[in-house]
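Chemist: Read top to bottom, the protein sequences are chains A and B. Residue numbering for the first sequence follows the working numbering, starting at 1 and increasing by one per position. Residue numbering for the second sequence follows the working numbering, starting at 1 and increasing by one per position.
These are computed hints drawn from the structure, not numbers from a lab. Do not rely on the hints blindly, as some may be mistaken.
Some chain A residues near chain B, calculated using beta-carbon distances under 8 Å [as the list claims (entries may be wrong)]:
1) Ser-5
2) Ile-21
3) Tyr-100
Derived DEER-like restraints, expressed as beta-carbon distance ranges [as the list claims (entries may be wrong)]:
4) Ser-228/B - Asn-102/A: 53 to 59 Å
5) Asp-165/B - Asp-154/A: 46 to 52 Å
6) Pro-232/B - Thr-99/A: 18 to 24 Å
7) Arg-200/B - Asn-102/A: 45 to 51 Å
8) Glu-139/A - Glu-380/B: 20 to 26 Å
9) Ala-231/B - Arg-82/A: 27 to 33 Å
10) Asp-35/A - Ser-228/B: 51 to 57 Å
Backbone N, C-alpha and C define an ideal beta-carbon position, used for all residues, glycine too.
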Amino acid sequence: MGQQSISLLVLVATMTGTAEILAEDLEREFSDTVDFRIQLLEELEVGALERESLALVVSSTYGTGDVPETAEPTLQALKDARPDLGSLSYGIISLGDGTYVNTFARGGDNWDEALAACGATRRGEVLKVDCLLVEDPLEAAKEWFGRWLAAVADPQAEGSAAHRAGGSPG
Amino acid sequence: MIARVAVVGSGPAGLFLADALSRSKEPVAVDVLERLPFPFGLIRYGVAPDHQGTKAVTRNLARVMERPRVRFFGGLAVGEAITLETLRDLYDAVVVAAGAAGARRLEFPGSESPLCVTGFDLARWVNGHPDYEGFRLPDGIGTVAILGHGNVALDVARLFVKQPDALAASDAAEEFVEWRRRSAVECVTLCGRGTPESARFSQEMLEELRDLPGVELLRDEPGEGASSPGAPGAAGIIARLPEAPRSTASLPVRLLFGAKPLRFEQGRLTVDRQGEVISVPAGLVVQAVGQVGTAIAALASDATGPLATDGGEVLGWPGVFVAGWAAGAATGTIPDSRSQARVLAPRVLEAAERAAGAAGDRADLADWLRARGHKTTSWEDWLAIDRLELTSGAAIGACRRKMRSLEQARSAGAG
């Protein structure tokens with residue numbers, strides 16, 4: 001480890017484990033430079049976020065563009081309790097199924113809106129991954145995550161292009 | 001001593017339980033026993049073949065099987081090659097997650113006809129289940145009546161009206177795709193007892209059916225108490241559907257509410273809709289009204305409904321737990337099975353660790369099988385079959401071509 005390790009809280013919202021596996025794979029891939037703390041959003045006490053400075057949300061999408069059912073109460077708690085997240089920067093990786101064109105990967109957008117409403121600042125664009133087209137979400141997320149880390153480390157070097165991995169279903 | 005747990009069944013309930021168990025801080029050995037040589041149960045044989053996004057959960061479950069101390073024994077039928085009692089001797093805890101025994105069936109005159117089938121059977125045939133090699137539907141049925149207003153009914157309707165070319169690109173059984181090419185379907189009616197509000201359709205699956213090219217989804221509601229177009233979810237979508245087709249060229253799929261089947265004869269299903277007798281064209285009737293029972297006969301009882309358990313542990317069977325549809329209440333989605341596994345796993349572990357502390361050395365299943373000359377498939381065997389299915393699918397423009405048997409897999413070059 002040549003440089004100081006970045007402490008990152010990874011918040012996972014998952015239906016069938018895909019988002020959790022992606023978080024674990026990113027941890028394995030970047031463990032040299034990042035100290036990962038993986039936490040399921042369904043088990044998060046939202047007030048604890050006030051003490052955090054950097055978080056990555058990895059969320060799947062359920063139903064008609066919703067967050068996973070198990071994490072829905074946490075999303076509601078964020079909206080109701082409105083913790084002061086003025087010192088929190090965050091990134092979002094949103095997983096979806098391109099079969100559902102109208103609501104593709106909207107799960108992550110819900111977290112984005114709720115966190116922003118609490119005063120947190122999103123860094124980088126939301127990464128949307130189509131799990132129907134991408135064999136391994138890690139391949140799609142690795143490059144984005146590397147750029148996101150660089151942007152977080154250097155506030156001047158923010159990437160701007162909207163990003164979608166796995167191409168367009170049509 | 002490391003606690004040893006047997007999980008019977010490799011569908012979502014079994015493998016999410018293996019996931020939750022193998023994530024525990026205390027080391028635990030988990031053996032997954034599957035009746036078929038191939039894993040994944042409902043995901044491989046119950047989820048519609050054109051829903052590959054849903055089937056992609058197999059990638060997550062495959063990761064579980066790669067963990068140390070997790071083993072796969074395919075082609076091992078509990079109740080036949082090995083009894084539940086023997087498993088109790090070999091393991092500190094046993095979890096039965098072998099699915100439901102079969103489809104729930106409504107009985108009415110004509111329901112015993114070979115042209116009255118179940119969505120359970122149809123899904124397995126369409127998915128190339130080894131038990132359904134002899135299953136056939138006659139050509140030229142023309143019209144289909146589906147009983148049930150849930151997502152399985154929507155799957156069945158979609159499989160009958162979707163373009164055969166679109167199905168051919170999936171991993172649907174070739175016999176089914178060929179049958180669809182030969183047998184034009186002119187009209188489909190989904191009959192449910194309830195109202196749009198009580199229907200169990202998910203919104204996204206209803207929209208998927210509505211938006212299929214060449215299909216017009218129609219509603220047929222009793223005049224009184226019709227649903228409100230502003231209602232949330234599926235009920236609102238139903239309320240906004242037309243009642244009559246806009247084009248004669250399209251294939252009508254009609255949602256009929258408040259309808260109870262009376263009899264099935266000569267291509268017509270007669271239903272009672274709140275006192276009014278209606279005749280629905282039905283060359284084929286498909287019952288999609290749920291599943292019942294437990295696939296493992298030793299646990300089956302005459303009583304309908306869920307098995308009696310104490311926190312998932314079957315009464316009268318200490319150390320034996322049930323999960324998923326095998327628990328007798330055959331409802332719940334794939335994500336539900338993950339949530340339920342996270343609740344059940346600590347209880348199973350606690351029981352297994354208690355039993356492991358009290359028990360002496362137990363024989364290993366692999367040795368037990370070897371001593372009796374039973375051959376099973378390992379996870380490595382499955383991975384070879386998996387690769388073979390993908391490459392032979394690609395050769396015919398399908399995402400996968402399923403093997404029906406080990407013999408077929410071997411002659412095609414696996415193992």
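Chemist: Take the hints in turn and mark each one as holding or not.
Modeler: Against the structure, the hints come out as follows:
Checking Ser-5/A against chain B: minimum C-beta separation of about 24 Å lies over 8 Å; hint violated. Because the beta carbon of Ile-21/A sits about 6 Å from the nearest beta carbon in chain B, less than 8 Å, this interface hint is met. For Tyr-100/A, the suggested interface contact is upheld, since its CB lies about 5 Å from the closest CB of chain B, less than 8 Å. For Ser-228/B and Asn-102/A, the hinted distance range of 53 to 59 Å is not satisfied, since their beta carbons lie about 22 Å from each other.
Distance hint check for Asp-165/B and Asp-154/A: the Cβ-Cβ separation is about 51 Å, which falls inside the suggested range of 46 to 52 Å. For Pro-232/B and Thr-99/A, the Cβ-Cβ distance of about 22 Å falls inside the hinted range of 18 to 24 Å, so the restraint holds. Hint check: Arg-200/B to Asn-102/A, Cβ distance near 21 Å, so the stated range 45 to 51 Å is violated. The beta-carbon spacing between Glu-139/A and Glu-380/B, approximately 24 Å, falls within the hinted interval of 20 to 26 Å.
Checking the proposed 27 to 33 Å range against Ala-231/B and Arg-82/A shows it holds: the Cβ atoms sit about 30 Å from each other. Judged by the Cβ atoms, the range 51 to 57 Å given for Asp-35/A and Ser-228/B holds: they are separated by roughly 53 Å.
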